[in-house]
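> These protein sequences, in sequence, are chains Z and E.
Residue numbering for the first sequence follows our numbering, beginning at 343 and increasing consecutively.
Residue numbering for the second sequence follows our numbering, beginning at 4 and increasing consecutively.
Honestly, the hints are just simulated from the structure, not real lab data.
Treat the hints with care, as some may be off.
[As the list claims (entries may be wrong)] With a straight-line cut-off of 25 angstroms between C-alpha atoms, the simulated SDA-like cross-links for lysine to any residue are:
no.	chain 1	residue 1	chain 2	residue 2
1	Z	Lys379	E	Ile200
2	Z	Lys379	E	Arg219
3	Z	Lys658	E	Pro95
4	Z	Lys655	E	Glu116
5	Z	Lys564	Z	Lys613
6	Z	Lys655	E	Thr100
7	Z	Lys655	E	Val208
8	Z	Lys655	E	Gln212
9	Z	Lys613	E	Asp71
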Amino acid sequence: MDRIGRKGITTAVIALLASLLFATAAHAYTVYVTNEKDGTVSIIDSAKLEVVRTVKVGQRPRGITLTKDHRWLLICASDDNTVQVFDARTMELVKSLPSGQDPELFVLHPAGQLLYIANEEDNLVTVVDIEKDTVVAEIPVGVEPEGMGISPDGKVLVTTSETTNMAHFIDTATNAPIDNVLVDSRPRFAEFNADGSQVWVSAEIGGTVTVIDAMTRTVTAKIAFKIPGVPQDAIQPVGVRITKDGKRAFVALGPSNRIAVIETATFKVEKYLLVGQRVWQLALTPDEKLLFTTNGTSNDVSVVDVDKLRVVKSIKVGRYPWGVVVAPF
Amino acid sequence: MGRRCGAVLKEDVITHSSTITGLIAASAIALGGAQALAASANGADWPCVQRRVATVTSAQMWDGPDVDDLTQWRNNDEMKKLIAQLLSRRVPLDQATDSIAQFAAAQRSDEREQALKLLFAGLVDTANNDRAIVLHGIERFQQRQKARAAEIERQAAQLRQLKEQAASDERARADLAAAEERHQWDVRVFTERQQSIPLACEVPVLIEQRLFELGRAIRSHMSE
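Bound-form chain Z, shown alone (with noise of 0.2 angstroms):
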């Protein structure tokens, strides 16, 4: 080969290297995980596939939210009974918030300055201004509230109960309950659409995700997951996330350790993943490209490949991770 020919192969490879190196950056994202037994948040990388660092928070740390504007990160320190705002950036705690007792998980208002908070043994919901840090108001719900979820437009906030098995719908106007919708035993996790026109709950005992039509607050579908030589009763829906498409949704089956895909239109599971045990709470990337669920039990995270629908690398973090969130950058 002359010295032209090989010079131009240097200079493509370089060429081509230097792309990939571009493209890895254009989609490298910031991946938050509460890992609720050490008291730590661990940030991983999204490019690197890996913990690039790990920050003491309060005690307990289980529900993860960022603002809208991306610049606080607000964690439930469910032990110290607040919820605690650090700078997304630096990981400095800026403030305490009240949060009424053992907060869990939390939804925050599309507009960005309302937080609903799950008080599981109050039987409450407390509506927090993260601006003002002021409890705004206490919604009195069900027997144990848990799961929380918010439509796109904001009008309308549901809350589970774990006791009385219900998805209870509130009108976030003048916080007073518009419907109850039964749905299966310790429903855990609600997850509006895109579109705002369902709500997708999960039941970690029943064991299926009640899909309600949000404008009717009738039952759509009922999906149940079988998973050969999988015991049925560690098979417990938990963490639910659908893309901004609506095409497809992710369930966390708890300690059948997988994730089921399900194809919206049908209902119908695609496809079992094998992830990590006992897994929790999920997060997509804002490209869709990645999907990030908590293990509790294996201490670790699993990677989903969502175009591939494959696993592609488990990260160990903290002891009993808890909760998942993406940042854009």
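Given the structure of chain Z, go ahead and fit chain E onto it with the hints provided.
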């Protein structure tokens, strides 16, 4: 196997030099403990927050083929030895995964898949036996705690009676001192053992964690 669970469930020796808490406070703890026991047991002798799962299946632990009915590993002494070594929590996980890699590499390529399946079948079966011993141990432990709680309640009733008698009866006063000491002792034993229950409840989880990791390692050497 028995040794592994025995280490966690061993009842600690309590020395007299330990601080003895006040009688009333101790009784309150004992009675509170008894109520907690009754509430959590739900008619069974299972004290753990974790749900009681009798056995785990291979399908829960990996996405490879179902190996629950494979038993030929029992006839292979070398494999049985490897299984015991892999499951022992004294062996660091890295070392265990290295051993799996060596085992896979040592197999003829046309036999590797089957050998790895047999290895995992043996691991699942043995881990289930380990778990069963632990579950049984936890339940026996709980039964003894229940018996202690009942005895503490009986002593508390006796103490109340002795206190009334002690006002006028010299001998009752002497009996009261001995009974109080005995009661304090039993409350202390009960309380300390109660504190070790969450630790014991973690043991089945630890076995499952290791089995899952071993399954992952074996799968990485399989093409199926």
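> Look at each hint and say if it fits the structure.
Right, here's what the structure says about each hint:
1. Between Z/Lys379 and E/Ile200 the CA atoms are separated by roughly 17 angstroms; this keeps the pair inside 25 angstroms, and the hint holds.
2. The straight-line distance between the Cα atoms of Z/Lys379 and E/Arg219 is roughly 24 angstroms, inside the 25 angstroms bound, and the hint therefore holds.
3. At most 25 angstroms may separate the alpha-carbon atoms for a hinted pair to count; Z/Lys658 and E/Pro95 meet this at roughly 16 angstroms.
4. For the proposed pair Z/Lys655 and E/Glu116, the alpha carbon gap of about 23 angstroms is at most 25 angstroms, so the pair holds.
5. For a cut-off of 25 angstroms, the pair hint linking Z/Lys564 to Z/Lys613 stands: about 17 angstroms separates their Cα positions.
6. Between Z/Lys655 and E/Thr100 the alpha-carbon distance is near 17 angstroms, which keeps this suggested pair within the 25 angstroms criterion.
7. Between Z/Lys655 and E/Val208 the CA atoms are separated by roughly 22 angstroms; this keeps the pair inside 25 angstroms, and the hint holds.
8. Distance hint between Z/Lys655 and E/Gln212 is fulfilled; the C-alpha atoms sit about 17 angstroms from each other, no more than 25 angstroms.
9. For a cut-off of 25 angstroms, the pair hint linking Z/Lys613 to E/Asp71 stands: about 22 angstroms separates their Cα positions.
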